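Chemist: With the hints as constraints, model all of the structure from the sequences given.
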Amino acid sequence: MRRPIRDLGVLLLLAGYAVPYFWQVLTSLKPEAELLVLPPVLPSRLTWEHYHVVLEQSLIPRSLVNSLGVACLTTVLALALGLFAAYALARLPVPARGAILLAIVAGSAFPQIATVSPLYLLMRALGLRDTWTALVLANTSFALPLVIWLLAGFIREIPEELEQAAALDGASRLEVFRFVLLPLVAPGVASAALLAFLMSWNEFLFAYTFTATEASRTVPVALALFPGVFEVPWGDIAAASILASLPPILLVAGLQRYLIRGLLAGALRE
Amino acid sequence: MTPRQRAARREGVLYLAPALLALGALTVYPGLWVLWLSLQQRVPIFGIERFDGLANYLFLLADPRFWSATRVTLAFTLASVALEVILGVAVALALWGQRLGRRLALGLLLLAWALPTVVTAKMFEWLYHPAAGLVNLLLGGRELNWLGDPALALPGLILADVWRTMPFVALLCYARLLGIPAELYEAAQVDGAGPAAILRLITLPMLRRILLIAALFRTLDALRAFDLMFVLTRGGPAGTTETLTVYAYRSLFQTLQLGFGSAVGVVVFALVMLVAWAYLRAQRREEAAS
Chain A
1 MRRPIRDLGV LLLLAGYAVP YFWQVLTSLK PEAELLVLPP VLPSRLTWEH YHVVLEQSLI
61 PRSLVNSLGV ACLTTVLALA LGLFAAYALA RLPVPARGAI LLAIVAGSAF PQIATVSPLY
121 LLMRALGLRD TWTALVLANT SFALPLVIWL LAGFIREIPE ELEQAAALDG ASRLEVFRFV
181 LLPLVAPGVA SAALLAFLMS WNEFLFAYTF TATEASRTVP VALALFPGVF EVPWGDIAAA
241 SILASLPPIL LVAGLQRYLI RGLLAGALRE
Chain B
1 MTPRQRAARR EGVLYLAPAL LALGALTVYP GLWVLWLSLQ QRVPIFGIER FDGLANYLFL
61 LADPRFWSAT RVTLAFTLAS VALEVILGVA VALALWGQRL GRRLALGLLL LAWALPTVVT
121 AKMFEWLYHP AAGLVNLLLG GRELNWLGDP ALALPGLILA DVWRTMPFVA LLCYARLLGI
181 PAELYEAAQV DGAGPAAILR LITLPMLRRI LLIAALFRTL DALRAFDLMF VLTRGGPAGT
241 TETLTVYAYR SLFQTLQLGF GSAVGVVVFA LVMLVAWAYL RAQRREEAAS
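Same order as they appear, the protein sequences are chains A and B.
Following our numbering, the numbering of the first sequence begins with 1 at its first residue and continues without gaps.
Following our numbering, the numbering of the second sequence begins with 1 at its first residue and continues without gaps.
No lab work stands behind these hints: they were computed from the structure.
Predicted model, so just to flag it, every value in this text is computed and none were measured.
Every residue, glycine too, gets a C-beta built ideally from N, C-alpha and C.
Warning: the hint list may mix true and false statements.
Here are some, though not all, of the chain B residues that point toward chain A, as calculated from beta-carbon distances under 10 Å [what the hints assert, rightly or not]:
1. Leu23
2. Ser38
3. Leu39
4. Asp52
5. Leu54
6. Leu106
7. Leu258
8. Gly265
Listed next, the stretches of chain B that the computed footprint assigns to chain A, with coverage defined by at least 3 CB atoms under 8 Å from CB atoms of chain A [what the hints assert, rightly or not]:
9. 128-136
10. 220-226
Cβ-Cβ distance ranges computed for the label pairs, FRET-style [said to hold, decoys possible]:
11. A:Pro40 with B:Arg284: 27 to 33 Å
12. A:Arg6 with B:Pro237: 40 to 46 Å
13. A:Pro40 with B:Phe46: 51 to 57 Å
Modeler: Take a look at the structure:
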């Protein structure tokens, strides 16, 4: 088979694979009256009415803000703690390094359903129910092990000579870290940040359990609880799900390289 | 140990401490606390809170709903992971050597993986709609009630999970394929091996390791999965899609039995750790053998 034809065929197949999503996009733009009639597949006209409803009359906009805030703060917290930990594990003679690494991997395998009840009691005792803080802390429990694991690997890939040279020139360890290592490991930091953000954006169980009102409800929760008065508002739900998926999709489209690098590093390094 | 080394060590501990403290408070502590909770009768609304030994676990042994949830969890995990691995290898092989629009191809593939699971659940709920769903239309205008029929709900759920996570397996395999040295293939072709023999004797053996890793990750995720079944089928109809995670959640936060629900959560915990441990053992044995 000729190369371009085969390549085109693969692209078409993959476009077919993404049809469930395209169908949701189309549904979000269909007039209400045509939703439950199939065929025809294509609507007579496209309309923004569902987006108007979602943006003006639902809690989705507020939940998008919550999701964005929680995901950004989780990412920042996991990076702030994780960068130093990864640096220590990769470069400094810390005691029991093997055991610590194993504990971090094991920690990332903890099922959320097992830790959700103690965390719920903890959040209640700390008076953090229905706050961003509760979600940021809970999400850090899975984002941080991932970030440490990825960054320790990325740092170890970088040859140590430059740092040693800078240290010989009299730079302190923090200066070496900030001015020599950090610029070199920046792509790795981007990969780790991207994965932490996506995991936090998509998280549902903790958010469903620890939130109670729109003060902290994230968008997966708002979508799961999307209200219908008499019947299921399929068009509005479709519009809400497109809005909820926009940030991940834009990130995957724009930062594909970093995402793939992070996914591969997470799986391949042992 | 020289003073310099000792200083470096101290600094290392200092850098690690905040992260380890956070992980200690947010994973280790809850991990131990849940074991303790699972040994209690704890129903906050009735003010019940007492140590009860293994009573929750003994109850589980004779609880048909627990065994049903265990069966559903295992069936879901086995079927999802098997389909993902097979499809993932097929897609990786198709992508291999793709020149035209490789970025677009990977983007289309990763789209399904990047979506929030709740979005995927809502999407498939609509795709499975008995009268207006695309799935029934593609099946020639049938009126199958995918999510309402006890025989179809679990397959429907598995299909949604495979759609969502197969790209992860495909991506790992694809990356591995790119790393196979071309000389291997040239040598095989010189020896007169056909495409089928090359696939069986070179490509698949080269994928073995990465497939094991992908299957491990996916198995752990499938055992822990919650969002998809909780939103798409709510464990129904008639409990045919109620996994251990859904059972645990309902016990914890719908019937508010914190002790009993924690015991079900601990069973999921144990299953996950058992699989991870078995994998590590197998890997170590393989390394010792080679």
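Chemist: Now look at each hint and say whether the structure bears it out.
Modeler: Okay, the hints, checked on the actual structure:
{"no.": "1", "hint": "Leu23", "result": "holds (6 Å)"}
{"no.": "2", "hint": "Ser38", "result": "holds (9 Å)"}
{"no.": "3", "hint": "Leu39", "result": "violated (13 Å)"}
{"no.": "4", "hint": "Asp52", "result": "violated (16 Å)"}
{"no.": "5", "hint": "Leu54", "result": "violated (17 Å)"}
{"no.": "6", "hint": "Leu106", "result": "holds (6 Å)"}
{"no.": "7", "hint": "Leu258", "result": "holds (6 Å)"}
{"no.": "8", "hint": "Gly265", "result": "holds (4 Å)"}
{"no.": "9", "hint": "128-136", "result": "holds (count 5)"}
{"no.": "10", "hint": "220-226", "result": "holds (count 4)"}
{"no.": "11", "hint": "A:Pro40 with B:Arg284: 27 to 33 Å", "result": "violated (59 Å)"}
{"no.": "12", "hint": "A:Arg6 with B:Pro237: 40 to 46 Å", "result": "holds (43 Å)"}
{"no.": "13", "hint": "A:Pro40 with B:Phe46: 51 to 57 Å", "result": "holds (56 Å)"}
Hint check: violations occur at hints 3, 4, 5, 11; the rest are consistent with the structure.
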